[in-house]
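Engineer: Okay, here's what each chain looks like letter by letter:
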Amino acid sequence: MAPWLLGFFAWTLGPMVFSAGLVFTEWELLTPIRWIGTANFTALAGDGLFARSLYNTAYFTFLAVPLQLTVALLAAMVLNLPIRGVGFYRAVFYVPSITPQVASVILWVWIFNPEYGLANAVVQAVGLPRQLWMLDPELVKPVFIFMSLWGVGNQMVIFLAGLQGVPESLIEAAQLDGASAWQRVRHITLPMISPVIFFNLIIGIIGSFQVFTTAFLATGGGPNYASLFYVLYLYQSAFQFLRMGYASALAWILFAIIMAFTLLQFRFADRWVYYEGTLRR
Amino acid sequence: MSVRADRTGIAVQRLLAVRRTRRIRNLFWQLGWQVALLACCTVLLAPLAWLVSTSLKETGSEFEFPPRWIPNPVTWGNYPEAMTALPFHLFFRNTMLVELGAVTGTLVTASLVAFAFARLRYPGRDFWFTVLISTMMLPGIVTLVPHYVIFKTLGWVDTLLPLTVPAWFGGGAFNVFLIRQFFMTIPLEFDEAARVDGASSFWIYARILVPLSRPVLITVGILSFVHHWNAFLEPLIYLNSTVNLTMAVGLRLFRNQFTGEWNLMMAAATTMVVPIIVLFIFAQRYFTRGIVLTGLAGR
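Going down the list, the sequences are from chains A and B. Numbering-wise, the first sequence is residues 2 to 282 according to the working numbering. Numbering-wise, the second sequence is residues 139 to 437 according to the working numbering.
I should point out that these hints are in silico values taken from the structure, not numbers from a laboratory. Some clues are possibly wrong.
The following label-pair restraints were derived from C-beta to C-beta distances [unchecked claim]:
#	chain 1	residue 1	chain 2	residue 2	range
1	A	Pro83	B	Arg259	45 to 55 Å
2	A	Ala46	B	Ser379	36 to 46 Å
3	A	Phe269	B	Val212	48 to 58 Å
4	B	Arg259	A	Arg85	26 to 36 Å
5	A	Glu29	B	Ser379	18 to 28 Å
6	B	Val173	A	Ala175	21 to 31 Å
7	B	Leu276	A	Pro138	28 to 38 Å
What you are looking at is a predicted structure, and each value in this text was computed from that prediction instead of being measured. Ideal placement from N, C-alpha and C gives every residue a C-beta, glycine not left out.
Could you put together the complete structure from these sequences and hints?
Structural biologist: Here's what the structure looks like:
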């Protein structure tokens, strides 16, 4: 079995080391690799697009992830009730999340088409003014966040699994003690599923920092760089401008940011994540 | 006597009345949720309905405003037109080749690695398992450039190899983890009994663990099928010529070449969505089982 493991680690570890080396080079694939020390990082510090893409990505992540978790959790709680035909509803809520992203992005571009799109028809029917949506630098990120909310089915099912692990007896006991519905959710359900919330939070943040396909297909980063997300900029640096060293530097900075966030969350986790069978510190 | 009987009668009547109001309240509760959920479903499915609706509209009529939900006339011809405008039969063939190579690779190697973690004993095993788990949290983007360089040097760019061969190296940490968790639930006594009879490790893997793990293997197979069907960034980087594209990047090319022809574009997109939804309808429990196992990984 060892060869499999070796191959497996060579596939991840080797390239990572290689990429770490590339950070200090200038390389356009066809030109020879040139050692330039930390010049890539000095260039990054003065690169307005780098700062812009970082801002856009942070904006997206910090709005999209909490909203996604809230929507997914609410949906999961409703679909955990003894409602007739709940299996059917769960399936319908899940379907958007398996829709191939290329197809769904193209579909959303059509829906948010400023001239003939469905979105403007809806907005007009309610009596609000028409919008440019993805062509509006102010609106493009909120529209992307909205699109991401359509696909929270995955997180919802994870929450559902967590909710079904909450012992019925605890909730009944609280009910007998006269706890209101809100108190039961706040003091029993939420603490009991906090590990699942934590899991979804970590995975959600890692995923959102790497958002790519939506912006690449829908706007190409526009209008006026308002949807230039970090990985999109990385992709452009590497495969359109062929700046491999620069792209590697971008990749490692993203890596550092994501790791920092993940560690930070693990740091604070014991304040609010409750694992059954362990004592709170 | 009769007084007591009366009292019992009253008590029973009261009880029935309470039950009746409870049943009525329950009925309203059910009804309220049904209405609310049906409304939610309509909203959630509206984009997909719009996808299909646009794909059936006659050229030009998709620009009607305010939009019309039911196409008139229903133009099925959009589908063959879209499919032949670009070689979608090649895109489909390429995608299926990737699926064949990648899903097989994932199943074979992920289960072998999982076996090594679940059943074999060797120094450093637990350390390597921790490493494996932490790679799940690695942003895949860090290795994007070096991977590209490797395939470029191998001369594999613009072939399907970069999309299939990596699956043969462990098949992804998450899949290994999923299968290993399942292997752990299979009693060790089975292995020991086989060993007493002189079975090798590989025999135990192939004849005991794999047959008993069919559910999780089907789950991993389906999840990786969907993953490779939807994959976009890798094929985008590695494939250039039109004849080598997969469905996902082929659809992107279609969008770039036929800008504004929304009805044809939606027809092409529909052909990419429908197989996944059909697969979901038939294998729903395998989809959710994988996710449920993921969620429990968080505990």
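Engineer: It remains to establish, for every hint, whether it holds in the given structure.
Structural biologist: Verification of the hints:
1. Pro83(A) to Arg259(B): 45 to 55 Å: Once the Cβ atoms are compared, 47 Å apart, the range 45 to 55 Å for Arg259(B) and Pro83(A) holds.
2. Ala46(A) to Ser379(B): 36 to 46 Å: Given a distance of about 39 Å, which is inside 36 to 46 Å, the answer is holds.
3. Phe269(A) to Val212(B): 48 to 58 Å: holds (56 Å)
4. Arg259(B) to Arg85(A): 26 to 36 Å: Given range 26 to 36 Å: violated, Cβ gap about 51 Å.
5. Glu29(A) to Ser379(B): 18 to 28 Å: holds (23 Å)
6. Val173(B) to Ala175(A): 21 to 31 Å: The hint (21 to 31 Å, Cβ to Cβ) holds, given that Val173(B) and Ala175(A) are roughly 29 Å apart.
7. Leu276(B) to Pro138(A): 28 to 38 Å: Given about 33 Å between the Cβ atoms, the range holds.
When each numbered hint is compared with the structure, a violation occurs for hint 4 only.
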